[in-house]
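Engineer: Sequence:
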Amino acid sequence: MNVDETAPLRVLVVDGDPHARAEVVALLKGSAELEVVAETSGGDEAAELAERVRPDIVLLDADATLGGHTAPLSRASRVFVLAAQGDRATVETALRAGASGHLVPGAFTVADLIRGVRDASRTSLGLSAREAEVMDLIASGRSNGEIARQLFLSEKTVKNHVNRIYSKLGVGSRATAIALWRGMMSVVTAPDRPV
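To convert, note that position 13 of the sequence shown is 13 in full-length UniProt numbering; the numbers rise steadily by one, no gaps.
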């Protein structure tokens, strides 16, 4: 997978209810930041599909979560369980198995999903709130100068934040930092861009 700053996050939708699955797919297809690369009704087929299409995000219904499919899928993707608000047992099972978060079917938006991916990345990558804010802007394709103007900082301060981000992430390029931030696990880095 070649990573660039504008590539949409690749999503696999797993839901045994065809109507619910169609609603999720329709919601995601309206976003420029997400691309539904596959959909399936069951967790058994999800593992095979995930191996083939390598999604960045897997949306997994409660039945597939309880069927034990969260752990294998979470090794290569950010997994979000689709479960009702009061279904604590399913959500806790999913989180213990490696899920990044929980979304309520029919109640979440594209922004909620993207925020979940970013929050999971921030937590797992150890960035401060300001560094996460800078990384969000980097991931949206902004230059250091644009970030400085938007956050009312000097370019030198932004460059210092970028250097700390690179150090914390253990990367040397914007493309690799963006890939990690967006939750992509298998990355072919693009040529380094100057900081």
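For the record, the hints were derived by calculation from the structure and aren't laboratory data.
Treat the hints with care, as some may be off.
Stated by the list, open to error - Simulated DEER-style distance windows between Cβ atoms:
| no. | residue 1 | residue 2 | range |
| --- | --- | --- | --- |
| 1 | Asp119 | Glu35 | 18 to 24 Å |
| 2 | Lys168 | Pro18 | 14 to 20 Å |
| 3 | Gly98 | Lys168 | 18 to 24 Å |
| 4 | His19 | Asp112 | 28 to 34 Å |
Note that the coordinates shown come from a computational prediction; the quantities given were computed from them, not determined experimentally.
Ideal placement from N, C-alpha and C gives every residue a C-beta, glycine not left out.
Engineer: Given the range 18 to 24 Å, decide if the beta-carbon distance of Gly98 to Lys168 lies inside it.
Structural biologist: At 22 Å between Cβs, range holds.
Engineer: May I ask you to test the hint 28 to 34 Å on the CB atoms belonging to His19 and Asp112?
Structural biologist: Violated - the Cβ-Cβ distance for His19 and Asp112, about 20 Å, lies outside 28 to 34 Å.
Engineer: Holds or violated: the 18 to 24 Å window for the beta-carbon distance between Asp119 and Glu35?
Structural biologist: 21 Å, holds
Engineer: Does the beta carbon distance between Lys168 and Pro18 stay inside 14 to 20 Å, or does it fall outside?
Structural biologist: About 43 Å separates the Cβ atoms of Lys168 and Pro18, which means 14 to 20 Å is violated.
Of the hints listed earlier, those the structure fails to meet are numbers 2, 4, in rising order.
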